[in-house]
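Undergrad: Chain by chain, the residues:
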Amino acid sequence: MFDIDTWQEIFSTIRDNKLRTFLTGFSVAWGMFMLVVLLGSGTGLANGIEYQFRDDATNSLWVHPGETSIPYKGLEPGRKVQLTNADYHDLKNNLSGVQHISGRYYLRGQVTVTYHGETGSFSIRAVNPDHKWIENTTMVRGRFINPFDIERYRKVAVIGKKVIPLLFKNLDPMGRYIEINKVPFQVVGIFTDAGGEGEDERIYLPISTAQRTFGGGNQINRLMLTIRDANIEKSESMEQSIRHDFSGRHHFAEDDDRAVFIRNTFEHFARVMEMIGGIREFIWLVGIGTILAGIVGVSNIMMIVVKERTREIGVRKALGATPWSVVGLVLQESVSLTAVSGYLGLVAGVAVLALASKVLPPNEIFLHPAVDFSLALTALAILVFAGTAAGLVPAVRAARIRPVEALRDE
Amino acid sequence: MLRLEGVHKSYHLGRNALHVLKGIDLTIESGELVSIMGSSGSGKSTLLNVIGLLDGYDAGSYWLDGTLIKNLSERRSAELRNRHIGFVFQSFNLIPFKTALENVALPLYYQGMRRKDRNRRAEEYLEQMGIADWAEHHPTELSGGQQQRVAIARALITDPDVILADEPTGALDSQTSLEIMAILREINSRGTTVVLVTHEHDIADLTRRVIHLQDGVIIEDRRVGESADISREVEAAVASEVGPS
Numbered sequence: 363m364f365d366i367d368t369w370q371e372i373f374s375t376i377r378d379n380k381l382r383t384f385l386t387g388f389s390v391a392w393g394m395f396m397l398v399v400l401l402g403s404g405t406g407l408a409n410g411i412e413y414q415f416r417d418d419a420t421n422s423l424w425v426h427p428g429e430t431s432i433p434y435k436g437l438e439p440g441r442k443v444q445l446t447n448a449d450y451h452d453l454k455n456n457l458s459g460v461q462h463i464s465g466r467y468y469l470r471g472q473v474t475v476t477y478h479g480e481t482g483s484f485s486i487r488a489v490n491p492d493h494k495w496i497e498n499t500t501m502v503r504g505r506f507i508n509p510f511d512i513e514r515y516r517k518v519a520v521i522g523k524k525v526i527p528l529l530f531k532n533l534d535p536m537g538r539y540i541e542i543n544k545v546p547f548q549v550v551g552i553f554t555d556a557g558g559e560g561e562d563e564r565i566y567l568p569i570s571t572a573q574r575t576f577g578g579g580n581q582i583n584r585l586m587l588t589i590r591d592a593n594i595e596k597s598e599s600m601e602q603s604i605r606h607d608f609s610g611r612h613h614f615a616e617d618d619d620r621a622v623f624i625r626n627t628f629e630h631f632a633r634v635m636e637m638i639g640g641i642r643e644f645i646w647l648v649g650i651g652t653i654l655a656g657i658v659g660v661s662n663i664m665m666i667v668v669k670e671r672t673r674e675i676g677v678r679k680a681l682g683a684t685p686w687s688v689v690g691l692v693l694q695e696s697v698s699l700t701a702v703s704g705y706l707g708l709v710a711g712v713a714v715l716a717l718a719s720k721v722l723p724p725n726e727i728f729l730h731p732a733v734d735f736s737l738a739l740t741a742l743a744i745l746v747f748a749g750t751a752a753g754l755v756p757a758v759r760a761a762r763i764r765p766v767e768a769l770r771d772e
Numbered sequence: 432m433l434r435l436e437g438v439h440k441s442y443h444l445g446r447n448a449l450h451v452l453k454g455i456d457l458t459i460e461s462g463e464l465v466s467i468m469g470s471s472g473s474g475k476s477t478l479l480n481v482i483g484l485l486d487g488y489d490a491g492s493y494w495l496d497g498t499l500i501k502n503l504s505e506r507r508s509a510e511l512r513n514r515h516i517g518f519v520f521q522s523f524n525l526i527p528f529k530t531a532l533e534n535v536a537l538p539l540y541y542q543g544m545r546r547k548d549r550n551r552r553a554e555e556y557l558e559q560m561g562i563a564d565w566a567e568h569h570p571t572e573l574s575g576g577q578q579q580r581v582a583i584a585r586a587l588i589t590d591p592d593v594i595l596a597d598e599p600t601g602a603l604d605s606q607t608s609l610e611i612m613a614i615l616r617e618i619n620s621r622g623t624t625v626v627l628v629t630h631e632h633d634i635a636d637l638t639r640r641v642i643h644l645q646d647g648v649i650i651e652d653r654r655v656g657e658s659a660d661i662s663r664e665v666e667a668a669v670a671s672e673v674g675p676s
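Respectively, the protein sequence lines represent chains B and R. Sequential numbering of the first sequence, starting at 363, is according to this note's numbering. Sequential numbering of the second sequence, starting at 432, is according to this note's numbering.
Wrong hints could be hidden among the right ones.
Distance condition first, Cα-Cα at most 27 Å in a straight line; then the derived DSS-like pairs of lysine-lysine [to be verified]:
1) R/Lys-529 x B/Lys-669
2) B/Lys-517 x B/Lys-531
3) B/Lys-669 x B/Lys-380
4) B/Lys-380 x R/Lys-529
5) B/Lys-544 x B/Lys-523
6) R/Lys-547 x R/Lys-529
Computed footprint of chain R on chain B; a stretch qualifies when at least three of its residues, placed anywhere within it, have a C-beta under 8 Å from a C-beta of chain R [unchecked claim]:
7) 678-689
8) 761-770
No wet-lab data here; the hints were simulated from the structure. From the three backbone atoms N, C-alpha and C, an ideal C-beta is built for every residue, glycine too.
Sequences are here, hints too, so could you generate the full structure?
TA: In structure tokens:
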């Protein structure tokens, strides 16, 4: 059925009705174009938001101590809660679902870091080895803090790459000693962090060493952990059991929100992703709707084509055309019209996205808009299917034309 | 060849039934040249449509070449039309966006013949009709007489048993009409049955048998050639006008 004759007929109807064919084709192409651009923008939006989450692990719980606000067992409100190494060990050993866990201890007051007379002021974090995973720290050279550093109170430091030019100029910092509040620490690693400029000016120390060296005792300022195989319920139940645990050890009411703050990045992330998913679905809905409008247009046009060609179809039937060959004639025209114009719309959409990706300044809301290939193919398949559907009613109508009526000389 | 026995046919228009054919008994033998005459509304076109399998009938029976034509599927009747019947219409009914050659070849397309073969065959038939030079022209570029020749070539290309012509000269001037009739007679002389519908006596007289229809019944069934000399006269007239072909 798909031979040169039917193609020839399609071309000749197109040739004879350029404007009509163009308008119909345009509406389909436009629908496809909009779908592709919308889907691509959706991807851009999702990329942008994911980029904003790049700094920290998206499945983490952050515990900040606060002050009690509710009287508890005869204790006054307004007491400061102080986290300790015991909290760290307790969560690490007893809380289920923990993937990585780290405490953080901040050096108090003005901290100066010196190397051979060059002095700088950097943010210093004393942490456990797992901190690397929670902050998404990438090692450029050397290594991060390891368990032996913690165990043996080694005086080692891991520095951000922006620290190098400020302290070392052109020297290789690896193995050299920097002085932190006059205490020498050996540089064992250099890192970078996707979080941005500020993150790369930090210095990491082993938490045990810092506590002992700078008079921190067993205090920690912050606890953070990531959740294994995270989902929203799990992250919420872990949050609750931490609160329950800490309320016992630190003597505060379990419903005292101000005693301990727990930031659940996973919940946040999941909600945002859920929203993006919703936006995507909405985009599909709008896009499909636009295509549908185009398809209805094609169906209308095919209806007119059939009406115009009633006599011709009658002649064909008199000459021996079977109903099926007539159906095929109309369907093929409808499918090729939608497929070709849909494809053009697809190409135009992809081109616009590529251009936008190149031209738009990189920003954190809209990043790398793109449509992946399989998605585009799915859209095209929908289109061809729709073309068939659009042609079906006119085709059946054409097949029902009675030659006697079509050929009647008026 | 064709046999109709007590064929009735009504059209239903809303509540009213229009009884068009009221018991037609008719036998047309192979190789006949028959004209069906009658005023408009006499049922002559309906009769031709029934014979041509373009329309059904309500009662009676119709045999085409020994096959009873009754309750055929659309597909089956399309096949029978394609193989056994060639149509010639008053308004030619050529497909406007196809060349003369493609129009002639179309019935063979529905037989599934390869493009090359059917085009070669279409060329032969155009040649026979004397319009081979116009093969690549579209119908609108042809005169009425030329268009009807293309249509006749198209009717003949499947080598049908019977040619059905509905007012084949209705849209043509008198000289061209005679030319077309000469062609139909030529075809008939080679053994193809030709049945034509006309309301012109001149045309009917060029056939060998005239069937007169009035109000859905046959009121006259007359053989021409045996007694009338008119036929020979007209033939001479046609011959002089057409010239040797």
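Undergrad: Let me make sure I understand: some of the numbered hints might not hold for this structure. Which ones are they, in numerical order?
TA: Structure breaks no hint.
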